[in-house]
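S.K.: Take a look at the letters that make up each chain.
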Amino acid sequence: MSDAACSRCGQTFPVRSLFDLNGNTYCGPCVQKTSQEAEERGQPSAYMPLINKSICARCNTYIGTSNNAVQVGGLRFCAACGPLIKDWDYPPWLKLGLAALLLLLVVALAHGRKYFRAGFEMYVGEHLVEKRRYAEALPHLQETLRIAPASDKAALLAAKAALLTGDVGSAGKALQGHNGGHFDDAGKPEFQEVNNMWKRAMDALEKAERAQKLEAEEGKEIEAAQLMHEAASMYPEMSALKFAAESYEEGVAFLRKDYDAFLAIAQKQWKEQAMPQTAAALASALACKYAATKNISFRQQSEEMLEKARQMAQGNADALKNLDEFAERNRYRLESGLIINKAEYDRRFRGAKIASK
Amino acid sequence: MFFIPGPVIAALTFPGVIIHEAGHLFFCRLFKLQVFDVCFFRFGNPAGYVIHQQTQDFKAQFFVSMGPFFANTLLCVVFCTAAFLPVWELKVFDPLAYFFYWLGLSIGMHAFPSTTDLSHLWADAPGLAKKGNLLAIVSLPLAAVLVVLNYARVIWADLGYGIAVGVLGPIAIFKALAR
Chain A
1 MSDAACSRCG QTFPVRSLFD LNGNTYCGPC VQKTSQEAEE RGQPSAYMPL
51 INKSICARCN TYIGTSNNAV QVGGLRFCAA CGPLIKDWDY PPWLKLGLAA
101 LLLLLVVALA HGRKYFRAGF EMYVGEHLVE KRRYAEALPH LQETLRIAPA
151 SDKAALLAAK AALLTGDVGS AGKALQGHNG GHFDDAGKPE FQEVNNMWKR
201 AMDALEKAER AQKLEAEEGK EIEAAQLMHE AASMYPEMSA LKFAAESYEE
251 GVAFLRKDYD AFLAIAQKQW KEQAMPQTAA ALASALACKY AATKNISFRQ
301 QSEEMLEKAR QMAQGNADAL KNLDEFAERN RYRLESGLII NKAEYDRRFR
351 GAKIASK
Chain B
1 MFFIPGPVIA ALTFPGVIIH EAGHLFFCRL FKLQVFDVCF FRFGNPAGYV
51 IHQQTQDFKA QFFVSMGPFF ANTLLCVVFC TAAFLPVWEL KVFDPLAYFF
101 YWLGLSIGMH AFPSTTDLSH LWADAPGLAK KGNLLAIVSL PLAAVLVVLN
151 YARVIWADLG YGIAVGVLGP IAIFKALAR
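Chains as they are written, first to last, in the working numbering: chain A, 1 to 357; chain B, 1 to 179.
These are calculated hints, taken from the structure and not from any lab test.
The beta-carbon is built from N, C-alpha and C at its ideal position, and this holds for glycine as well.
Heads up, some of the hints might be wrong.
For lysine to aspartate or glutamate, the following EDC-like pairs were computed, each having C-alpha atoms within a straight-line distance of at most 16 Å [said to hold, decoys possible]:
| # | chain 1 | residue 1 | chain 2 | residue 2 |
| --- | --- | --- | --- | --- |
| 1 | B | K91 | A | E130 |
| 2 | A | K308 | A | D324 |
| 3 | B | K175 | A | D185 |
| 4 | A | K342 | A | D185 |
Stretch-level coverage of chain B by chain A, calculated; a stretch enters the list once three of its residues show a Cβ under 8 Å from a Cβ in chain A [to be verified]:
| # | segment |
| --- | --- |
| 5 | 59-70 |
| 6 | 97-106 |
| 7 | 117-123 |
| 8 | 132-140 |
| 9 | 152-164 |
Take the sequences, apply the hints, and build the full model.
M.R.: What follows is the structure, encoded as structure tokens:
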């Protein structure tokens, strides 16, 4: 190890005993004084053993007083490390890796496109369900299920939206399409909620079916209407049940010979849903009113409604067949002024043994 | 709580370590700080590091320390968003989606700055915050939370953060888009 001179006292000392302060070399006693003076002047006062400045701070190579050394703050670096630390480049593999990552990201986004669509539809549907806009939500949720039928969330939301709009068919399709109706987590509140709705709907439909059978039997009109009302109040979301209950009330009014009530219900139903059946029911009620009052305007209206029913039924063979059957009875009612039900008519003129309305 | 050695976790989630260190390097270069040494990944503790020049510029200090936190979080959200729907919501078995989700979570769980990164910030921020430095004011609570979370790594806070970002981020994005 060589010797060097203190820049303040001028004496020579071994390098290992000297210090560096702001680029000048000092011996032990001088560096303390100089540091104190520098501090008082507000200048940098930190010093370090000179030997630390003789080796590269990064690779520990001896650099002595080499002119090629690079000074960064209080540290010195060899010629090899100097440029590296000033501009540390990204290694080629990292650049390639980041490029691959970007490419992966593009692939991920492109690959996930169909899922984005399904997910987007699901969130739109969920948002609409939260807003209680169930009918609007259903098509969105059905689109999700088309892409991802196994999605618990989409299936339950679709079933909920369908059940709350009275669309039991779509609800059943959404639930059955999900692993045949199997859900892993049946304890989830979402599942319980839909399950309870489904049970309620099924019970109501079962009652409606019983009511339908009763209604076909002669003299069971009141019982049938009562049962259909129960079904409708159990599952009010299904407007068809309420409508059916009302139309069963027509039968009850007919049975009680309350033709004003029969006409009022038929008019209401026609107003709510203009279709061949409601047109025919209104024609029937008007014919009853004509038979009871002989007011010609009721007859004219009845014939007009029957014609409307025929026009609406065009293209529907079953509806036309039913209308032909009804037209015959309605004509009899208008011409004879007698009010009899279908079973009685069948007995009198068609030789039917089994009574049916 | 079960114990898995750090190097094993780092190896299983190595993309996150590399992205984190690349983030440090990126911000060092951006703020023209000298870099003395870089290790992008190794089987050891820490799994990666960037040794760089200290600076008095708080903005540079903030971004060099916190940059990887933001970058890793953002990339976690992006990759997890690409894979979130098939994995979590749609229940579609798609191996590619699971791969992207692993990548996203690996990046997310290495978002936390190390305690060394935070210590420099923590030392300078209070003084500057008193002088009204906005970045210092913002960084104080953030650094405090991150210091706590860093210690909570023993109870898998880093994994929890990755999952939270990888699940809540995509949900927030999709719900916002759906409105």
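S.K.: Count the residues of the segment 117-123 of chain B whose CB lies closer than 8 Å to any CB of chain A, then report whether that count reaches three.
M.R.: violated (count 0)
S.K.: Cut-off 8 Å, C-beta pairs, minimum 3 residues; does the coverage of the segment 152-164 of chain B by chain A stand?
M.R.: Since 0 is below three, the answer is violated.
S.K.: Between the segment 132-140 of chain B and chain A, see if three or more residues pass the 8 Å beta-carbon test, and mark the coverage as holds or violated.
M.R.: violated (count 0)
S.K.: Count the residues of the segment 59-70 of chain B whose CB lies closer than 8 Å to any CB of chain A, then report whether that count reaches three.
M.R.: violated (count 0)
S.K.: Does A/D185 lie within 16 Å of B/K175 when you go C-alpha to C-alpha?
M.R.: violated, 24 Å
S.K.: Would you check chain A against the segment 97-106 of chain B, counting CB to CB pairs closer than 8 Å, and say if three or more residues qualify?
M.R.: That given contact holds, which follows from 3 residues of the segment 97-106 of chain B lying within Cβ reach (below 8 Å) of chain A.
S.K.: Checking one constraint from the list: CA of A/K342 to CA of A/D185, max 16 Å. Satisfied?
M.R.: violated, 53 Å
S.K.: Hinted pair, alpha-carbon criterion (16 Å max): B/K91, A/E130. Please report holds or violated.
M.R.: violated, 22 Å
S.K.: Can the restraint linking A/K308 and A/D324 be considered satisfied, given a maximum Cα separation of 16 Å?
M.R.: Roughly 13 Å separates the two Cα atoms, so the pair holds.
Consistency with the previously given hints fails for numbers 1, 3, 4, 5, 7, 8, 9, ordered from lowest to highest.
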